[in-house]
Amino acid sequence: MVNKVLAAFLVTDGLFVAMGAIMLGFCVIVRNGAFNDPTEGREAARNLLYQSFPFNAGISNAILTFIAFLLTLPGLATGSRSWLKAAGYLIAVDAVFTMSVGLNLWITTLKMRANFENIWYAQPSGVQDLMQTAFECCGYLNSTSPAFVTNEQCPSPAAAALERGCVAPLVAFGSTFVDNIFTAVFGMVGIQVLLIVAIAALLKDWKERERYRHIDEKRGTRAMF
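Note that the sequence shown ends on residue 225 in this note's numbering; no numbers are left out.
FYI, nobody ran anything at the bench for these hints, they're computed from the structure.
Treat the hints with caution; some may be incorrect.
Calculated pairs, DSS-like style, for lysine-lysine (alpha carbon to alpha carbon, straight line, at most 30 Å) [said to hold, decoys possible]:
id, residue 1, residue 2
1, K204, K85
2, K4, K111
3, K4, K204
4, K207, K4
5, K85, K207
Distance ranges between label pairs, derived from CB positions [unchecked claim]:
id, residue 1, residue 2, range
6, V30, S80, 34 to 40 Å
7, A168, S125, 20 to 26 Å
8, N118, K4, 52 to 58 Å
9, A158, N36, 32 to 38 Å
10, L103, T144, 32 to 38 Å
Predicted model, so just to flag it, every value in this text is computed and none were measured.
Where a beta carbon is used, it is the ideal one built from N, C-alpha and C, also for glycine.
Start from the sequences and build out the full structure, keeping to the hints where you can.
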């Protein structure tokens, strides 16, 4: 009969290391592409958001995840509770680290309007042009603040004055986008907490089995006499 406690731990441990791989892959791939020249307005807005993401912290977090996972292996191989306890403590640290990254992203959504205003002013007219076209807007707050970039969406001051500023669609896009990212990060924290619980359950199961084994050994010794 399969030990359900051990099976649950193995599944959770597998999810944990897969989470670390996803985090590492996302951070490395996205960081490498975040500074590429955009060809479309939503791509430009997304890349500008990515440029403020804590990718180095994410990569460090992923490495910590792999180290914690590796600590679970000798514990499973040898049945040593010490290895699993060490892994559990490291996973707890990892969970706090992951939570910090998630909170950092969440705070970003609270400052989205001000952040995007600074980002907008810093962009060349070509990038502003792409975002005006994609989000069907002219200027940031309005067509004159700052002044719009002349393009097909905003061909003249009169036409631009009839269009909304880019602040509302950009903030809505950015908030939704970052919401999805930090929700995924908080989901990773849930997996880490679940693994800590699984480790605690497995340690308890091993302790109980060891106690019963000692009882059986004593009974066997008495039976010999």
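These are the hints, each one checked on the structure:
1. Our distance criterion of 30 Å between C-alpha atoms is met by K204 and K85, whose separation comes to about 11 Å.
2. A threshold of 30 Å between alpha carbons decides the hint, and for K4 with K111 the separation of about 46 Å lies outside it, so the pair is violated.
3. Restraint check for K4 and K204: the C-alpha separation of about 13 Å stays at or below 30 Å, so the hint holds.
4. For the hint pairing K207 with K4, the CA-to-CA distance comes to about 15 Å; that is within 30 Å, so the pair holds.
5. With a C-alpha separation of about 13 Å, the suggested pair K85 and K207 falls inside the 30 Å cut-off, and the hint holds.
6. One distance hint, 34 to 40 Å for the beta-carbon pair V30 and S80, holds here, with the actual separation near 38 Å.
7. Taken as a hint, the range 20 to 26 Å holds for the pair A168 and S125, whose Cβ atoms sit roughly 21 Å apart.
8. N118 and K4 have their C-beta atoms about 54 Å apart, which keeps the hinted 52 to 58 Å range intact.
9. Between A158 and N36, the C-beta spacing of about 35 Å keeps the proposed range 32 to 38 Å intact.
10. For the hinted restraint 32 to 38 Å between L103 and T144, the CB-CB distance of approximately 37 Å keeps it satisfied.
Checked against the numbered hints given earlier, the structure breaks only hint 2 and satisfies all the rest.
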